[in-house]
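**Student:** Residue numbers (my numbering), protein chains in the order written: chain G, 1 to 355; chain A, 356 to 611; chain X, 612 to 921.
Think of the hints as simulated: they come from the structure by calculation, not from any bench.
Heads up, a few of these hints could be off.
As the list claims (entries may be wrong) - Below, simulated DSS-like cross-link-like pairs (lysine-lysine); rule was C-alpha separation at most 30 Å, straight line: (1) K736/X to K373/A; (2) K10/G to K479/A; (3) K499/A to K479/A; (4) K427/A to K908/X.
In this text the structure is predicted, and so the values were computed from the model without any measurement.
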Amino acid sequence: MNVLEALRSKVWLSAGLLLIGLLLLPFLVEAGLGKSWVRILDFALLYIMLALGLNIVVGYAGLLDLGYVAFYAVGAYCWALLASPHFGLNLPFWMILPMGAALAALFGVLLGAPTLRLRGDYLAIVTLGFGEIIRIFMNNLNSPVNITNGPQGITQIEPVSLFGFSLGKTQEVFGLTLSSPHLYYYLFLVCVALVVFVSMRLENSRIGRAWVAIREDEMAAAASGINTRNVKLLAFAMGATFGGLSGGLFASFQGFVSPESFNLMESIMILAMIVLGGMGNIWGVILGAILVTMIPEALRYTGDLQRALFGQVYVDPADLRMLLFGIALVLMMIFRPAGLLPSKQRKRELAEEAP
Amino acid sequence: MKDLLRVEAVSKHFGGIKALTDVSFTVRKGEIFGVIGPNGAGKTTLFNALTGLYQPDSGAIELDGVSLYRRKPHQILKTGFARTFQNIRLFHNMTALENVMVGRHTRTTSGVLAALLHTAHNRKEERDCAAYAMQLLNRVGIGKHAHSLAKNLSYGDQRRLEIARALASEPKLLALDEPAAGMNPNEKNALRELMVSLRSEGLTLMLIEHDVKLVMGICDRLVVLDYGEKIAEGTPETVRHDPKVIAAYLGAEVAA
Amino acid sequence: MDIFAQQLVNGLVLGSVYALVALGYTLVYGILELINFAHGETTMMGAMISLAVIGALFGVAPDLPGIVIVLTGLLVAIPSCMLLGYGIERVAYRPLRHAPRLAPLITAIGLSIVLQNVAMLIWGKQYIAFPTTLLPQGRHEIFGATITDVQIMILVLTVTLMAGLVTMVNRSRLGRAMRATAQAPAVAQLMGVNINAVISATFVIGAGLAAIAGVMVSANYGQAHYHMGFLLGLKAFSAAVLGGIGNLTGAMLGGMLLGIIEALGAGYIGDLTGGFLGSHYQDIFAFMVLILVLTLKPSGLLGSKSVERA
C-alpha cells in the first residue's frame, strides 16, 4: 500500500466515523441532556443551512444583507399556505420545497436588483428595509383578503410526509422507536450535507471566484470581464434559495409560522453566526451556527444558577442572551475580526486593513 | 499596418470640469502606443472612458470594427481590450493563480450547474484554466508565487500579476496604466523586455507612462494630452520636436 | 376638522423629531463616512433617562412646576447621552477606523443590541408613560387643524436648535475644524486640527440632539419604550438619506419631508389603494423613500457627495 492509498483510507475511515457519530448524535444528546435538546439539535441544523446561505451573499460576494430572514419567511409561508387548513391545501413536500426555494430565489433577485449599485453599509440598510417591509406585509395581509392570517400566523401546518410515512409523529424504523424530532434530525442532516456540498463546489468554481473577486474589488472584477450585475444577482438568488429551503423545513417542523419568527433580530443572529464562526469559511460558519443556537439554550441554566445563588431570578436568561450576543459581536470585531475559524489561507475581508 | 483601435472625438466632463475634449487617435495593430502628458492631463480618464469605467459624453470608440462606445467594462474586455490600473487593483485575498484565473472569466463558461455536477467539461475547463494561468505567471516571471496571496507579493510582482491577469483574457489590445511606477531599474528593464516580447507575438499595447526615457525608447507612436485635449500625435521623434509639446511640459528634458 | 391640515401639522411635528435625529447621522457621516447604527438607541436612551428623572423628581417633589420637572429631565438626559455618544465612538468605532467598512457596521449593530437590552434590563419591557399633565395642555385651532402646546414647543425648539447648529458649524472654531476634517482629514491634521477631538465632538453633538429628540417624541406620544430607538433611528436615517447624507440642511429638509410624507401617507393610503392597505402600513413609507432615493438618486435632494463607489 503506497502513501496515497494509506492517506485515502485514513480519510475514508474518519469520514465513516464522523457519519456514525452524526447518526448516533440525537440518541446521545437525548440520553445525556434530555429530550428537548434533540429539538435544539434540529434547530441548529436549520440554522446551519441558513447561515451557509447567507455566507454565499456576505462571506463570498461581500454583500452585507441584513434582510436575509425575508427569504426564510418566503419559504416558510410558501409551505404554510400550501400545506395547511388555511387554504385547505395539502401539496406533497417534494412539490412545495422546490417551489418555496424557487420563490425565495425570485425574491432574492427582485430585492437584489435595485441594490446593485449600493456600497456596503447602504446595502445593509436597504436590505434591512426590505426585510421589514416583507414582515409588515405578513403582519397585515389578513384584510381585506386573508392571505397570511396576520399576526396570529398560520397553524396546523402539515409535516413532511413521504409515501404516507409522516415525520410528524413517532415511527418504528428497523425496530427503533423514533420520535418526530429524531426523524426530522435525519432529514435536516441530509439537507445540511447537501447545502455543504453545494457550498464547497461553488467555492472552488468559476462562479465562486467571481464572487470573491467582486468582494475584493468590484471595479477590477468588472475590468476582468465579470458581469458584476448578473454575478451579484446570482449570489442573492443562491443565498435566497438556501433561505427558502430552510424556511419550508422550518414551517413543517414547527407546524406553525407567524411574522414574529422573521424579525430583524433573526437576520442579525444569522449574521452573527457567520461573523463569529469565520466569514467565508464553511466550517467556521457551521461552528458559528451551532454556537449561536446552543449558547442561548445553555444560558437557560443561568436561571437555575441565579436561583441557587440569590434565591430568585434577577435577569431572565432569555433577555441575557441578546445582551451577550451584542457584546460578543463588538468584541469579535475588535479583537478577532476573522472569526473563531478564519479561512486558513485567506483572512478575508474583515481581517485585513482597508486598502 | 491596419488600425486596431479608432478613437474619435471622445469627450468627458465631470460637472463643469472638462476632463477630455474631442480626443481622437488611432492605434495600429502590433504597435506599442504611448499616451503621455503632464499630471492631470486626462490620461487615466481616457483609459477609463475607453474601458467602460466612465461613460463618455460623446464620440466614437471602435476596436477592430466593433463599437465600444458606452459598453460595460465586461463587454469591452470580451471584445479584446484589457487593462491594468495605475494604483494596482488586485484581488488581495486570492492567490496569484486565482487572480489570473479570474482574468479568464470571459474565456470560460462553467455556470452553477456545471460546478455542482462537476461535469467532464467543467473539470477539463478548470484544469485548462489553471494550467493557462500558471503558464502566464511563469511568462511574467512570478510562477514561484502562484500560491501566495496577492497582497503578500512585492510591489513589482503585483504589477506583473496585474499584467498576467489582463493577459489571461487573451486580449487584442492591452492598456497599461503606469506599469513602471515605483519600479527599480532592474524591474523596469524586465518590464520593457516583457512588453517588447508581447509585441513580437502580435499583441498591441497602449501605455501611459511618466518615465519619458522608457516611453520614448519603446513606443512606436505616441499621443500627447494636455488639459484633456490632444496636442500632438506621431512617432517619438516628431513628438519630441513638437513645439506645443515642449511648451506644454516636456521642456528641456526631452529636447536635450 | 380638515384631515389634510391636521396630517400636515402631525407630519411637521414628527418631522422635527426625525430631523433632529437625522442631524446626528449626517454629522457623523459627513466626517467619517460611517453610518452610526447605534444612533437610534442613543435617542431611546435620552427618552428613557429623562423619563426616569422626571418620574423620580415628580415622586419626590410633586409641587414643583411641571415645566421645571421636565426641563430637569431633559438637562440630565442631554449630558448622559453626550457621554454615551462619546463612549460609542471610543468603543465601537475608533479601534476600527482603518478597518474595512463592514467591521464598524457590525460593531454598531452589536452596540445597538447591547443598549437596547441594557435599557430593557433597567426599565423593563413595558411602555413607560410620560406624565403629560406636567406640560401645558392647551389646544389651538389653525386652518382647521388642532395643534397642542406640546407640539408648538417641539416645533419652536427644533427650529431654535437647527439655527444654533448651523451657526455653530459655519461660524465657530469647532465648526470650522469639523468642516475641515470632513473635507480632508489628513490636511486638517497637518494644519493642527485635533482630528480625534473633532470626531468626538461630532458624536457628542449628535447625541445631544438625539437626547432632545427622544424627550420630544416621548412627550408627544406620551410614552417611551426600550425598543423605540430602532424604528425611529431607521426612519431618521432614511430622512438623512432623502435630504442628502452629509448635508446639514438636507437632514433638516429630509426629516420634515419624511414626517409629512408619513403623516399624509398614513392618512390617505386607504383611499389611494381602494381600502386594500390601511394606516398600519405607515411604517413602510420611510423604507420606500429610502429605497427609492438610494436607487434613483443616491446623493439625495441636496447632497453633492456621491454615494456610489468611485
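**Student:** Taking the hints in turn, state whether each one holds.
**Tutor:** A quick look at each hint next to the structure:
For the proposed pair K736/X and K373/A, the alpha carbon gap of about 59 Å is over 30 Å, so the pair is violated. For the hint linking K10/G to K479/A, the alpha-carbon distance of about 28 Å falls within 30 Å, and the restraint holds. As the CA atoms of K499/A and K479/A are separated by approximately 24 Å, the hinted pair is consistent with the 30 Å bound. Restraint check for K427/A and K908/X: satisfied, since their Cα atoms lie roughly 21 Å apart, inside the 30 Å limit.
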